[in-house]
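Taken in sequence, the protein lines are chains A and B. The first sequence begins at 1 in the numbering used here and counts up by one. The second sequence begins at 1 in the numbering used here and counts up by one.
In short, the hints are calculated from the structure, not lab data. All values derive from a computational prediction rather than experimental measurement. Treat the hints with care, since some could be wrong.
To be verified - Lysine-lysine pairs mimicking DSSO-like chemistry, simulated, CA-CA at most 30 Å apart:
{"id": "1", "chain 1": "A", "residue 1": "56", "chain 2": "B", "residue 2": "160"}
{"id": "2", "chain 1": "B", "residue 1": "252", "chain 2": "A", "residue 2": "185"}
{"id": "3", "chain 1": "B", "residue 1": "211", "chain 2": "B", "residue 2": "91"}
{"id": "4", "chain 1": "A", "residue 1": "215", "chain 2": "A", "residue 2": "230"}
Stated by the list, open to error - Covered, in the sense of this in silico footprint (three residues per stretch, anywhere, with C-beta under 8 Å from a C-beta of chain B), are these stretches of chain A:
{"id": "5", "region": "88 to 94"}
{"id": "6", "region": "226 to 232"}
{"id": "7", "region": "240 to 253"}
{"id": "8", "region": "267 to 280"}
{"id": "9", "region": "305 to 311"}
The C-beta atom is built at its ideal place from N, Cα and C for all residues, glycine as well.
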Amino acid sequence: MGQYALRRLAISVPVLLVVTVIAFMLVNLAPGNPVDAMIDPATRAEMGPEAIEARKAALGLNDPLLVRYGKWLREILQGNFGYSAVSGQSIGEQILDRIGPTLLLMGTAIILGTLIGIPLGILSAVRQYSWLDYATTVFGFLAISTPSFFLGLAFMYFFAVHLGWLPTSGMRTLGVDESTIDLLKHMIMPVAVLTLAHTPLSMRYARSSMLEALKQDYVTTARSKGLKEKIVLVRHALRNALIPLITVIGVSLPEMLSGAVITETIFQWPGMGMLAMRAVNGRDYPLILGIILVTAALVLISNLIADLLYAVADPRIRFR
Amino acid sequence: MVNDTVSRLIADFQARKINRRQLVQGAAAAGVSATAITALIGPSATPAAAQAGGAIQLGRESEFAANFNAFKISTGGQTQVMDMIFGRLLKLDNTNTWIGDLAETWEISPDATVFTFGIRQGVTWHDGTPFTIDDVIFTYRSALTEEAGAGAAGKLRQIKGGTAFYNKETDEIEGLERVDDNTLRITLEKSNIAWLVGTAGSNSLLWIQPKHILGDVPLTDWETAEAIQKPVVGTGAYQFVEHVADSHVEFKANPNFYLGAPKTEQVFLRLAEPATQLAQLESGEIHMASRLPAREADRLSSSDVVEILYNPGNGIFQTAVHTPRVPDKRVRQAMMYGTDRQALLDAVLLGQGELVYSSVIGPDWAVPTGLNTYDYNPETAKALLAEAGWDSETTLQLTWSRGFVNVELAAPVFQQQMAEIGIKIELFPQESAAYLDSVITNPNFDLAWFGGGSYRLDPDVTSNYYLCANFTPGGGNTTHYCNEDLDALLIEGRGLADPALRAPIYQEVAAILNEDLPTLFWWSDNQIFGKNVQLQGVLPGPNQYIWWNIQDWELV
Numbered sequence: 001m002g003q004y005a006l007r008r009l010a011i012s013v014p015v016l017l018v019v020t021v022i023a024f025m026l027v028n029l030a031p032g033n034p035v036d037a038m039i040d041p042a043t044r045a046e047m048g049p050e051a052i053e054a055r056k057a058a059l060g061l062n063d064p065l066l067v068r069y070g071k072w073l074r075e076i077l078q079g080n081f082g083y084s085a086v087s088g089q090s091i092g093e094q095i096l097d098r099i100g101p102t103l104l105l106m107g108t109a110i111i112l113g114t115l116i117g118i119p120l121g122i123l124s125a126v127r128q129y130s131w132l133d134y135a136t137t138v139f140g141f142l143a144i145s146t147p148s149f150f151l152g153l154a155f156m157y158f159f160a161v162h163l164g165w166l167p168t169s170g171m172r173t174l175g176v177d178e179s180t181i182d183l184l185k186h187m188i189m190p191v192a193v194l195t196l197a198h199t200p201l202s203m204r205y206a207r208s209s210m211l212e213a214l215k216q217d218y219v220t221t222a223r224s225k226g227l228k229e230k231i232v233l234v235r236h237a238l239r240n241a242l243i244p245l246i247t248v249i250g251v252s253l254p255e256m257l258s259g260a261v262i263t264e265t266i267f268q269w270p271g272m273g274m275l276a277m278r279a280v281n282g283r284d285y286p287l288i289l290g291i292i293l294v295t296a297a298l299v300l301i302s303n304l305i306a307d308l309l310y311a312v313a314d315p316r317i318r319f320r
Numbered sequence: 001m002v003n004d005t006v007s008r009l010i011a012d013f014q015a016r017k018i019n020r021r022q023l024v025q026g027a028a029a030a031g032v033s034a035t036a037i038t039a040l041i042g043p044s045a046t047p048a049a050a051q052a053g054g055a056i057q058l059g060r061e062s063e064f065a066a067n068f069n070a071f072k073i074s075t076g077g078q079t080q081v082m083d084m085i086f087g088r089l090l091k092l093d094n095t096n097t098w099i100g101d102l103a104e105t106w107e108i109s110p111d112a113t114v115f116t117f118g119i120r121q122g123v124t125w126h127d128g129t130p131f132t133i134d135d136v137i138f139t140y141r142s143a144l145t146e147e148a149g150a151g152a153a154g155k156l157r158q159i160k161g162g163t164a165f166y167n168k169e170t171d172e173i174e175g176l177e178r179v180d181d182n183t184l185r186i187t188l189e190k191s192n193i194a195w196l197v198g199t200a201g202s203n204s205l206l207w208i209q210p211k212h213i214l215g216d217v218p219l220t221d222w223e224t225a226e227a228i229q230k231p232v233v234g235t236g237a238y239q240f241v242e243h244v245a246d247s248h249v250e251f252k253a254n255p256n257f258y259l260g261a262p263k264t265e266q267v268f269l270r271l272a273e274p275a276t277q278l279a280q281l282e283s284g285e286i287h288m289a290s291r292l293p294a295r296e297a298d299r300l301s302s303s304d305v306v307e308i309l310y311n312p313g314n315g316i317f318q319t320a321v322h323t324p325r326v327p328d329k330r331v332r333q334a335m336m337y338g339t340d341r342q343a344l345l346d347a348v349l350l351g352q353g354e355l356v357y358s359s360v361i362g363p364d365w366a367v368p369t370g371l372n373t374y375d376y377n378p379e380t381a382k383a384l385l386a387e388a389g390w391d392s393e394t395t396l397q398l399t400w401s402r403g404f405v406n407v408e409l410a411a412p413v414f415q416q417q418m419a420e421i422g423i424k425i426e427l428f429p430q431e432s433a434a435y436l437d438s439v440i441t442n443p444n445f446d447l448a449w450f451g452g453g454s455y456r457l458d459p460d461v462t463s464n465y466y467l468c469a470n471f472t473p474g475g476g477n478t479t480h481y482c483n484e485d486l487d488a489l490l491i492e493g494r495g496l497a498d499p500a501l502r503a504p505i506y507q508e509v510a511a512i513l514n515e516d517l518p519t520l521f522w523w524s525d526n527q528i529f530g531k532n533v534q535l536q537g538v539l540p541g542p543n544q545y546i547w548w549n550i551q552d553w554e555l556v
């Protein structure tokens, strides 16, 4: 298995390289550039063309695309993500700063969503076509179809403006000392919105894979051996039903670090999602590429982890 | 009896048996107004504000970026940060009148060529170092280099010898003279009274930078320099404490500010989406939000926590016509006659704006009279089109930057009214970068709808947009309209310092633009601010930099 993991890691390198080429070309093909995006037209008229050209030249925007890609790649290979074209801040530092808040927000939401979703999904599979099954299905569809910006604003108006219970946004109350209680209060609404979006996902997967497992021969065998229904469900069906769920969790892992653009923006949560949003709006090429690269690496690693976990969960799977 | 009822309601409210809405409704039934109730119980639950020990919290929708490089400021959020920390030679008060900042006195020669500034004495930087004329000269010399990439470079090169210095042909700027320890004289190559006027990004009134801190930093390294990322040393009313990207900037009062210590110890400038800001304003978490949509302002005006301020704006909501595509002015006049502008203003902004008929809209002395107001008249419009031989099969494409809500509301109405007079309009909203590209960098459009600008500050602002020499992409003339008579008037007007002499010139300028209509002028929108009733000291006026006197703001 160790050898398999190493081989997969080795394949990841060319994959990442292709990702950078595509990302670099796409980002640069989009109209606009960091300098034009920064200057509003009224200011532009008064600045004069020389000043604008000077800024473009200083950022190297006038070089041919391939030259720029080469320069960027050379720095990346040395572990240097470079500096933002807009703010001049180190990109590595900016990304590191955002990982904490995003992990806190997304991690909590994904863990909660999984902890709520899986038992609900299993229950509704075991009691298929019961009122519980219908209720969770309806809830699942409602939760997954409600746009998060709408839910976020609705929560904000109800809990922050109307009732005054919770702060509208941010990570802490400005002007007072930081405290855990304060942080938790700020977390409630964004976590709730993201959990609501995540729960149906694990719930539906859990339901269908449990249903699948219940149809298997080994479940029938276990039942015909005279085992108690509880043991049949937990030991025979559930263990096997969890295997496909590894995929779902594996897919969620990169999300934990790449953040949720809309929810973070509405609730002003200073995470990776907001950073990405600002980078794209400002055409901050190096920052966009830095974020894409980190996200792509996370996806590859998560897929690898999920594949390896399959073998742990299901002894029938062998790597060659 | 009334008092009993109300006291019982208040007791219930304080015991949390009823909520605020029920209290206000109950009190209203007993004949006591919401205002009176507020006076009795204080404004709504303001958890953040109440705990903050009087810190002022201001909302902003655009990111400040980590970049506090005085030469490359481009957004309102950054401007606000810089204005709190740094001083300029002069600034504008709420009536858009110049007041001294780091210059205590100033004098402009009658031909608008020589600007003499008496530098304020006794000012210290936030680290205690005395501020001197050397800091001013250092700032101007630094900005006048290619390496600085300053937005104001175009303006600064108008200083005598400025271009030669910029091109590294000389080491001295002839027009930037240190007369004595407290007098600075700036002489321009050509007279230009509007040299002082500019938007944040191109303003010749630079934020004066500390020479003792930045003097040794090469200009190419400014962006990443510690003192630019964390501008803790300025001369302004407030001192920079920290910037948390995508969250806030924290400031503390500068006890040695030249006008005396600010009334409020701590200020936060917080970033939030417009919709979030509205919620924060209502919940009392922020004390001011700028650029409120008219409809939201209307809704909030009944709130007992929020006070709405409507100020005249400096910009113009307008549709530029790419004149090579629509060369006949009668067609452009027909478009104005064919649009019911007052109805449009009422629908889009609930009437919060003022119809304008040219780009000359202020200051007060320059406001033109007797212009054609193009009152809605589809028949006149049709007659003009017939006269011009307009082919009703021709389609004109109208573009704007997607997400500009006011245009998105107005454009379909405009399209329909144009159809009624026989002009086909195709709506073509574009993503902002694509819009900029087709309208400015590589002009290829028929009609472009936008807003903004600083027209009310000085009538010469018009010259940026209509001089023949200023065609896009080099300048700001998006319409590619060129009229030599207009050019001559604009050049004459900027060469005079006395408003009484300038006024008749701009009357003529306005008349030409009003007749030729390279741009369809709609209105100047009001700036709408929402402010917490506790926040006192704010002086509203046309100045969009409403924080110009922030040292006097306090929570009461």
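Consistency of the hints with the structure:
| no. | hint | verdict |
| --- | --- | --- |
| 1 | 56/A x 160/B | holds (27 Å) |
| 2 | 252/B x 185/A | holds (26 Å) |
| 3 | 211/B x 91/B | holds (21 Å) |
| 4 | 215/A x 230/A | holds (16 Å) |
| 5 | 88 to 94 | holds (count 4) |
| 6 | 226 to 232 | violated (count 0) |
| 7 | 240 to 253 | violated (count 0) |
| 8 | 267 to 280 | holds (count 6) |
| 9 | 305 to 311 | violated (count 0) |
Comparing the model with each numbered hint stated earlier shows that hints 6, 7 and 9 do not hold.
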